[in-house]
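**Student:** Based on these hints, arrange chain B on the given structure of chain A.
Protein chains: 2
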Amino acid sequence: MSEPKRISVTLLAGGVGGAKMAEGFAHLPNVDLTIICNVADDEEFHGLWVSPDVDTMIYTLSGRIDRNQGWGVADEGQRALSVLKELGQDTWMTLGDKDLGLHIFRTMRLRQGASRQRITDEICRAFSVPAKLLLASEEVVQTRVRTPMGWQSFQEYFVRERCEPDVLELRYEGQSEAAPNPKPIEAIRNADVVVIAPSNPLMSIQPILGLLGIADALRSTQAPRIAVSPLVGGKAIKGPADKMLKSLGFEPSTASIANNYAGLIDTLVIDSVDKVELSGTYPDGLRVVAEQTVMKTREDKVALAGNLLQRAMTDRVAEALV
Amino acid sequence: MSEPKRISVTLLAGGVGGAKMAEGFAHLPNVDLTIICNVADDEEFHGLWVSPDVDTMIYTLSGRIDRNQGWGVADEGQRALSVLKELGQDTWMTLGDKDLGLHIFRTMRLRQGASRQRITDEICRAFSVPAKLLLASEEVVQTRVRTPMGWQSFQEYFVRERCEPDVLELRYEGQSEAAPNPKPIEAIRNADVVVIAPSNPLMSIQPILGLLGIADALRSTQAPRIAVSPLVGGKAIKGPADKMLKSLGFEPSTASIANNYAGLIDTLVIDSVDKVELSGTYPDGLRVVAEQTVMKTREDKVALAGNLLQRAMTDRVAEALV
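As you go down the protein sequences, you meet chains A and B in turn.
Using the numbering used here, read the first sequence as starting at 1 and increasing by one per residue.
Using the numbering used here, read the second sequence as starting at 1 and increasing by one per residue.
The shape of chain A in the complex, shown without the other chains:
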């Protein structure tokens, strides 16, 4: 028997939803998973650089994640944060002791002059993360959210304000100035399959897609490109996608997700509970298919990843036969 061919999957992803999708692929045999992870929710807290989406990805894939809350580390403490609070610091951003250990390391390495990608590589190696984790950008790009209270950082809106204020405008600060990052671009070009995770399209995916070279790479890659909608029955499973789409004037529907990714994907996977709407409501040439997209157990994740791969590879074989 010959070695089974390995399949390169490149996943564009944010935090919790992205990490679930990544976990599914990471547990498929014969998949080499490369993740292009959002960094636009990064923020400095107490002088330490925190990368919530990247860390959720690392904690999930290394089995450290707190499964009950879906973010943060299991068996975590709050001793350091309790002292920072006594010292008068705002501590609405819950940073556990183990989590702070990671942020201390990252910040130290940044100050030593190490690149963000190199630091990520060091952490992934030490934690045995079973995937290649690429930062969408080596530079600081930060999502800013305008609400009736004014402009806020993503974490202020997401954690401190619990996504309650209306979102009037989004800005990806530093995005247009950021130099193109060759590794994610190559990972899209060289993939066998490109997947956009069921992450928030505006908060997690757009900060990646808007970076110079990324959308072009998606348009020109030979790989089948699949996105998984984060909406199930018009609602986000987690996070503010539905509410935010609405307050920005978009209908929170699979059709608006499809239009958002128009030209960048071949297939949109929606949840089985959503009826595949009239083809006229989707961009031309986009295939819309239904799957069980809600990922609760590891089996759910692996099953969805396997189904996506099946569809994509069938397309690829079909194309090769034309």
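Since the hints were derived computationally from the structure, they do not count as laboratory data.
Glycine included, each C-beta is placed from N, C-alpha and C at the ideal position.
Check before you lean on any hint, since a few could be wrong.
[As the list claims (entries may be wrong)] Example chain B residues on the side facing chain A (calculated, C-beta under 10 Å, incomplete):
{"no.": "1", "residue": "Leu48"}
{"no.": "2", "residue": "Gly77"}
{"no.": "3", "residue": "Gln78"}
{"no.": "4", "residue": "Ser256"}
[To be verified] Away from chain A, derived, C-beta distances all over 12 Å, residues of chain B:
{"no.": "5", "residue": "Arg64"}
{"no.": "6", "residue": "Ser153"}
{"no.": "7", "residue": "Arg171"}
{"no.": "8", "residue": "Asn259"}
{"no.": "9", "residue": "Asn260"}
**Tutor:** This is chain B only, laid out in the frame that chain A set:
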């Protein structure tokens, strides 16, 4: 009844022994305690600025200290350090989670441009430290220790090597270049009593005394000046003072302590177990008296502080009557 007059005590001190002495004075009624604390055992760990002597002082005086070990914080965890270790960091310097909360704060404020004294003031206020804690220097002064293994930082020698190597030479890096620090100098000049704590004379006190203006202030102050010997029966109660004095060629005796402080103190307090040696072995004009100097309980500390004050104030009154 008129208000009892308050007495200003200025204490020169290092870590554990210094903090015990400080606790004694802090619990005396009618004492305004100012501590000039050694900073020459400061060191950066994992990109965070750690001030072990200052922190031991703060933790002791705010009741947070781990009474079993005499340093660090009670009810402490090691979660952050365990992650730093997994990430390949040297973690011989035990830094607990609560402790790291303080170091994170200090480092953040330093990077924001706050002065070291201001940061210390902020911490002392937040923690209700019942004393004025002055840093010996606003600048970085670091004790370096030459052993047969070469030059080491103080913490490398003290913590990593457990004071085991012979000490061949000491250097106080940055001491001669440091600008004079007006607050400690004033605190010595304006005190009613100046006390040198039973801290290591070479490791904790000399890094203070060698700073520009400090020894001069001690020589010229009108206040009675008392030092407490850290040796009991020729041995240090804690730390490497006896062994180090020996390996540097000094006899670990109360006489060599006296000679070390010659001209800077009026009275040397030695422990009751040590016989007051022949007056010829002490510098001229120095009075040597015996007290119970071992401080185990709070009562021991307060009793010693009270006895020192009694002696000093009697001298002061006697002088006033001349």
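**Student:** If a hint holds in the structure, say so; if it does not, say that too.
**Tutor:** Now the hints, each set against the structure:
Checking Leu48 of chain B against chain A by beta carbon gives a least distance of about 7 Å; that is within 10 Å, so the hint holds. For the restraint placing Gly77 of chain B at the interface with chain A, the shortest Cβ-Cβ distance is roughly 5 Å, inside the 10 Å limit, so the hint holds. Hint status for Gln78 of chain B relative to chain A: holds, with the closest Cβ pair at about 8 Å, below 10 Å. About 41 Å separates the beta-carbon of Ser256 of chain B from the nearest beta-carbon of chain A, more than 10 Å, and the hint is not met.
Residue placement check: Arg64 of chain B does not keep its beta carbon more than 12 Å from all beta carbons of chain A (closest about 9 Å). A cut-off of 12 Å between C-beta atoms confirms that Ser153 of chain B is not in contact with chain A; the least separation is 17 Å. Its beta-carbon lying about 26 Å from the closest one in chain A, Arg171 of chain B satisfies the requirement of being farther than 12 Å from that chain. Every beta carbon of chain A lies more than 12 Å from that of Asn259 of chain B, the smallest distance being close to 43 Å; the non-interface claim holds.
For Asn260 of chain B, the non-interface assignment is confirmed: its Cβ lies about 37 Å from the closest Cβ of chain A, beyond the 12 Å cut-off.
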